[in-house]
Every structure is written in C-alpha cells, then in structure tokens.
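Residue numbers (our numbering), protein chains in the order written: chain E, 671 to 1106; chain S, 76 to 372; chain W, 6 to 280.
Bear in mind the hints are in silico, worked out from the structure with no lab data behind them. These numbers come from a predicted model, not from an experiment. Fair warning: there could be bad hints in the mix.
Straight-line alpha carbon distances no greater than 30 Å define the calculated DSSO-like cross-link-like pairs of lysine-lysine that follow [as the list claims (entries may be wrong)]:
#1 W:K8 <-> W:K268
#2 W:K57 <-> E:K1016
#3 S:K263 <-> W:K224
These are the residues of each chain, in order.
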Amino acid sequence: MKNIFLKAAAIGCAVMLSACGKKKPDEVTPPDGKLDKCELRFSWWGGDDRHEATLNAIKLWSEKHPDITIVPEYGGWDGWTEKVTAQLSGGTEPDIMQINYDWLITMSPDGEGFYDLEKLSPELDLSGFSQDVLSFGRVDGTLNAVTVSVTGRGLFYNSDVYRSLNAVYPRTWDELFELGGKFGEKGFYPLDLDIQSGGTAWYLAIVYVQQNTGRQFITMDGQLGFTVDDIKAALDFYKETEDHHVIRTIKSRTDEDGNAALYQSPEFISGNVAGVLEWGSSVGKYESVLPEGVLEAGPFLTDGNGNSGGWMIKPSMLYAVSRNTKHPDEAAAFMNFLLNDKECAKVLGTSRGIPASSYAEESLEQSGMLAGLAQENDEMLEKLDTVTISPYMELSRMKEFYNTAIEKVSYGTADTDSAAQEMYDSITQYLEKIRK
Amino acid sequence: MKKRTYCNPVGVSRFTGLLLISPFILGLAAFLVYPFVCSFLLGLTDYDGIRPPEFSGLENYRYMLKDRTFRKALGVTVKYALILVPLKLTVSLLTAMLLNAEIKGIGIFRTAFYIPSILGSNLAVVIMWQYLFTSKGLVNQLLSMAGAPPVSWYGDPDKAVYMIVLLRLWEFGSTMIIFLTALRDVPKELYDAAKVDGCGPVRGFFAITLPQLKSVIFINLVLQTIAAFQEFNAPYMITGGGPMKSTYTLGMLIYDEMFRYNEQGYANALSWVMFMVISAAVAVMYAVSALMRRDEE
Amino acid sequence: MKKLPLYLLLTAGAAVMLYPMLWLIGASFKSNDEIFSSVWFIPHSVDTDVYKNAWRTVTPYNMGHYFMNTLMIIVPRTIFSVTSSVLVAYGFARFDFPLKRLFFALLLGGMAMPTLVTVMPLFLMWSKLGYLDTYIPLTVPYLFAAEGMFVFILIQFFKGVPKEFDEAARIDGCGALRTLLYILIPCIRPAIVSIMVFTFLWTMNDFLTPLIMIQSVEKYPLSLALRLSVDSTGQDYEQNKVIALSVIGLIPSVTVFAIAQKKFVSGITAGGLTG
C-alpha cells in the first residue's frame, strides 16, 4: 500500500516537473527546397543605430521577397539573455536570432539547442566565411550559428595626456611598466583595468601569459590550458601593474568611480586615467566622452623579441536559427540576405561591427564605409598571430572566478599562490560539470 | 474529530467568508500552488533551463551547505535587513507625522517626499550616489570641512552596505504613505485631551500615536522585512554586490544563479531557503504581536 | 509665524528629495562628458531635439503609443486588483471559515517567494495556453488577488474599523456585501486609493515580466520601450537620450501621484485605526 502511494507520488512529481521545465524537443522540420509564403520572426538586441539599420534592411528584404514577411523582435541588452533563455525553455523562440558567443554553451550545450546550419538549406551561402570564422559557431562539431563580425580587445589611449607627458604609446610590456613611473609622478595612470562585467584585468593578464608560454588559457573544447603556475603568473602580472602604478588598485578605482563603467568616470573624462583596453566593436563609447580625435589606437604589446602572440579575438555576435522553425528554407534565405547581400550590407553598415562575410566586407569597402578606431584595431589584429577566445572562457561563472581572484589579490586578502590554486580548482571543477 | 465552531455574527454562515475569498481560492492553483510546487521540484533537480531537468535529490541543498557565497550572501542579507528595517520604519513614521500637518502647500511636499520612490533604481540615482560617495564626492568634502578624515564608501567592504541602506531610506515613500493614511484616522480629540492633561508632544507620541498605529506599524514591519530580505535592485545598481561581496544579497545570488549561471535548479533551491527564512521571520513577528496583545488584555 | 520652522524643515527635506529629479531633467540636455563631470543640474545649453528624438523612437511607433499600451495593462489590472483584494481582505478580516489559517498562510507565503522564480513556471503555463504576446498574463492574475501584499494591507485596515459599524448596518438590514459597499469601503477609502496608486506606479516600472511575456514591439509597454535603445555592449552611447527617456517615463508617475496624494488622507476621522 505504502509502495503504491510512493510510486503514485513519484509519477505525479514527474508529470508536474514536465509542466515546470523543458520537455523533450520536437522533431526538426527538414528543408523542402522551395521558398513558400510565410512569416518569420527575427530577434536581436542593440542600440538605436542597430535597430534603425536592421529595420531598414528588413524593408529592403520585403521589397525583394514580398511573400516572406519578417516580424522583428528587438530591444536593449538589459534582460535580453533572460528573455531568450525563457523562450528557448518554452520552445517559443523566434525563427532567427542574433545570439551572444557564450550562449552557444549555455543555450546549446550539446549542439542540439539550435538548428544544424549545415543541414539547413543551400539558400545559406557560407563561401564568404573562412573555415576559422565558421568554426566559432560550432558546438560539438555541429554548426549552430554563423559569425556576424569578429572583434578583439585593443589598447586605446588619450593622446592629449600622452603628448603632454611626452610619452609614447608602449610597444612592449616593459615599456608599459616604465610608463607607470612616469605617469605616477604627475598622479596620472597610463591605463585602466577592471573587474566589472568586462573583466579587462584578467584579460590582459592572460594575454601576457599566453604570449610567454604559447599555451591557451581555455581551449575551444573547454579544457583548462593553463597550469596553476600559469595562473599564478597571470595574477602576479596583474599585481605588478598595480605596484608599478600602471593602473589604479581595485580599491582606489572603486572609491573613485563607484560601480560606473570607465567611460562614465570623471577620472577618465578628465584624463587622469589615460588608457583603456576595449573591444574594437565598443570603443565608440570611450571616444564619445573625450574631445573628437583624442582617443587613439595603440600598438598591441609584444615581448620586444618579435613575439606578438597571445592577443585574442572572438565573434562579437552570431546568427542562429531555431531548431523548432517550420520554415528552414526561408530562414536560410533571410539569414543569407543579412550576412552576404551587398545591398543589405550597405544598409546595415557597421551596426554589428565589421562584417565577417567577405561579400559584405567588400561591399562596405567599395562604398568607403570602413574607417575609424574599430577598423584600425581590426587591421592591426589581422597582422598578429591571434588566439580565438573559447566560448567557455566567456561564461559568466568563469568571469566570476577571475574577478574574485583578482579582487582578493588586489585587496591583499590572499597571496597569488593561494588565489591561483583556488581559481585552478574552481575552474577545473566547473568546466568538468559544464562539458558533461 | 472535534467539530470546530466558527465565530461569525449571528445569521452568517461559515461559507460567507469562503465565498468572499473565492477569487483567491480560484487563483490559488494556477498562481500560487503551481509555481510553488514547480519551484520546489526544480529545487530537487539539476536544470540549466535548456535541457530537461534531471532529478538530483537533495544535492542542491547539500551544495548550499558548502557554498561560501551562499553563506556570505545570507549574512549580508540578514545584516542589511537588521539595519534597514528599524531605521526605515522610524524615518517613515516621523516624516509621515510632519507631512500630516495641515498647512498650505502640504500636497507639494508630500509629492516631493514620494519622488525618490518613483525614481527607484533609475540611472539618476546611480549617478547621484556616485557624486555623493566617491572619494572626491560631496560627503567626503563635507567631512573634510568638518576636519574629519575621508571615508572610503565604495571601496571599503565594511562601509558599502550603508550606501545601500541610505538609498532605501531615501526611498521611504510607500512606507510613509501607509503611515500617513493611518495617521489621519487617529482621533484629534485624543491629543486635545492629552494636552489638557499636560502631556507634551513627546509623551503624546508614545502615549497616543504609537499605540494607535500598532496595526500599521505591524504591516510596515512585515512588508519591509520581506522587501529587505528580497533586496536585489539597489546593490545591483549601486555597488554590483562588491567590494569583496560585502553587498551581495541573497536576491542577487538567486538572480545570478538563475540567469547568469543558468543553474535554475540551484536558484530554485535557494529561493526556498529564502522563503523559509522570511516565513520564519514573519512567524516570529506574529507570535510577538500576539503575545503583546495578550499582555495588554 | 509658528509654522515657519516646519516650512523650513520640509523645504530642506524636499530639496534633498527632489534634487536628483532636477538633475535628471538638466542632464537630459547635457553632453556625455558633462553628465559625469558636473553635479550641478543646469546644463550649458538647452536643445529640445533630444526629447523630440526620444519621443519619436526608431521604431515605427512613438512613445505615446507605448504609453497607451501601458494604460491597456494598468486599467484592467487596477480594476481587477482592487476588486479582488477588497473582497478577499474583507473575507479574511470579518469572517471565520474553514481552513482560514491555511489560506492566510498561503497568502503571506505568496509574498515571501521571489517573483524571479515564479515567473518562469508562469511563462511556461501561459505559453502552453497560447496567451504569450497578449496582455492576459499581465492582467488576468490580478482577478485572483495575485498581489498578496494588497490583501494584507487591506486586512489590517479593515480590522481598524470598529465592528460596531458592521453590527449597526446589519441591524439596519444590510447583508455582507452591502455592509462592505456602504459602510466599510468609505472608511478605508484612503487605503484603497494608495493601492490603486501603487498598482499604477509598479506597473509603470514592471520590466522582467512584460519583457518575457510580450514579443511584438508593437505591444511593448512603456517600461520596455524606454530601454529599447540601451545597449551596454554596443558602440552607440548617448547618455542624454537615455536620460531624456527616463524623464518621459517618470512624468506619468509623478503626475498620478501628485493628483492622488490628496485622496490618501481624506479618510473619515470617526473611523480610527485602533487595532
């Protein structure tokens, strides 16, 4: 009697649970090779320029394909991840989505979360992308998404301040450390590193170690490439930048800026902090708070012996197709239009960064739409032997590990040995859990 | 089974009450029981929001016992609630008494005092707090004028929580409004009588206002305690939980686990712990208030 | 002038309360660098273009459209919420019935659970029922006294009205509902008004639930439309526009509060909250 009761309870729980969480996914609709009349939902996040450009691109599409209506769904970045996560667990996501790099891991852990683009339809032409760039969108070998644009973090400096101090932009790590002294005498800082959502502090530290050792911090398939000693070396490097007055300590940075981003900080606007490490695709924010032309791109740091490795790139965003879409052919056609169409490329401009598709890039180049800091940064990066950031490295929990370690080292509540060991253990444990 | 007697007025059946609360009962299954049961069950699973949940028993709760961040967040939240709630009730009540004055233009003042609550966690508030509390901010300038050393508000793990407390104190509008609404119902004759007896305003406050407002103080106490334990927005905007997690509340932890780390199973388990803590606190308040009432009688 | 100190005190307090609001309005005319380098609220120059652009938005609709959307949520929500909360609170405050304690515990329990975890199951439920992208998930729950806090407040206020009032009404031949309508509601009218105002203000600010439930930009409420152009990950960064938007978003709330504040306090003095 008791047993039956327990069993009933267990079954009840299982039934309830299926009403609370995600069910087993439905069958994928295969492409049928023709473009039918239908409605497609397309979602993205962004700012006004991106919204405007994309809405215009959709208008252009509807002139060419009046049968295939695109329903746009868009908004700001705040909450967008939450929204898409909810949609995916309810199976109500749009047919085509702009996605963030780390979503590949969180939303498609086994490569099954999105449509397999190689089975999608010949309507999607991938010949404009190098194999390298395509591989960014692969999860477990399945092509889940196509890279819209590639970006990397570069160094940008306040040229007014550098000129007034008679300083040149550093080319090597040693020169960077020397600048600390020079700037420190006047109470200035040559650079800023943070432990906010961007986490540039840890980023620069691993670039340094990657350049020295040739090992990649987190590999593309989610393994920790660094040893404990490598992590310690990175933390030591960070501590040294603080000690050499290259950057502010976390405490004085927090005291001076609160929780604000650097481009919202009076210290940066007034020039007391004269440099920033930022994605080429978002440096515009820093440019806009300084007088025009004052922010300049600086060289990527090397060890002085011709070793310029270790700097990193990643897709700034990707497009994916819902695995639940009922219109794979049409979705493929629209995605192809967004990525490759020359006319569309001109309408979209650089609202999603410099296009990764060679067709789109060519079109922008011909019409002279490629210029500015983002482009300069991009060109310099192309000459380097870059490392591709693993999506695993971008996971929020991982960033939490980096920032915790840096904060401890900066506040002096842990030495670099123990902080490195702790970080090593947490990362190994977490990656193991995530990869399963 | 002993038959319970219902103490209703003569002629009122025990179903009248049930009928009145029927909207609540009808919605119970869909809007309360269903999400609660879901949350409880998901708390027993490993669930990333994408793959179907996997039953993992008490694993989440076992992990919680080892999770240092959880312990830290629980400590921060309890400390925050203990500081904020009494202060907020006091400030709200005193302000409500001021705003209860019958003078010209009081409506404008009432609106002005409510505006911070409308601002919520608006960007303006974030930037204002920066102007006030950063190292060169207004507060430190005032301190240095008074000859005191500057305080590291944002950067010192022992100080940051006070900035959050101050923000929520400044946004006391809703609490104040509930007090104000009730204050108008305190019969003026009581004060007049007290004045005749030679009662000053301070004794009037303790002898008349407080006892008259008992019930509303209790409402606000319960509501503010719940709000304080669920605090998320203020630290999220002002400090981001830092420095050194000193303003990282349970609400922030649940949010992070739910949406940033995609540990929905664990987030649900954490929510149940938050639920239990709040329930316990409210139960204690009910017990104490019942005791006090009995003492009086 | 005995009242002068009181006026001074209130004015000083009001200045502290209002300053961020003033600064916000001033900042909407400032450049990015001026915003973060000056605590003074008066801008160098005033150019109303920022408001025109913010009002127009880059979407096919202007802010007026989004405000109307919000009203389409607020009006039913307020009606539903007040009606159901008053009935339920009346039941709890004045009557005894089976399982009363259990129901009351459930009511309180609903307040203690963070919305963050209840929003996901509810999303799945509405999704299965096919009501996503409508205002039903944002309004219908309030038919069932979903805001436990309101019921809780009203119960306490009902308890403050002496029971003799009910008895007098009953002797006059009033039933339970008529007693509620003609005797009790007038007594607690200020509390009901405050609940209406809270509903308005909170719905204006409500972000996560509409974000998840509403898909079409056309149906966005104001709170979503206001954040449409905020992208911390992008190039584009016009702080003054973001600020102008938040000013636009604050105007309805401040107006409603200013109009309603008189009603908070016009309760009958004979009642008295003596609980």
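Here is how each hint holds up against the structure:
Restraint check for K8 of chain W and K268 of chain W: the C-alpha separation of about 24 Å stays at or below 30 Å, so the hint holds. For the hint linking K57 of chain W to K1016 of chain E, the alpha-carbon distance of about 27 Å falls within 30 Å, and the restraint holds. For the given pair, K263 of chain S sits about 50 Å from K224 of chain W by alpha-carbon distance, which is inconsistent with the 30 Å threshold.
Hint compliance for this structure: hint 3 alone is broken.
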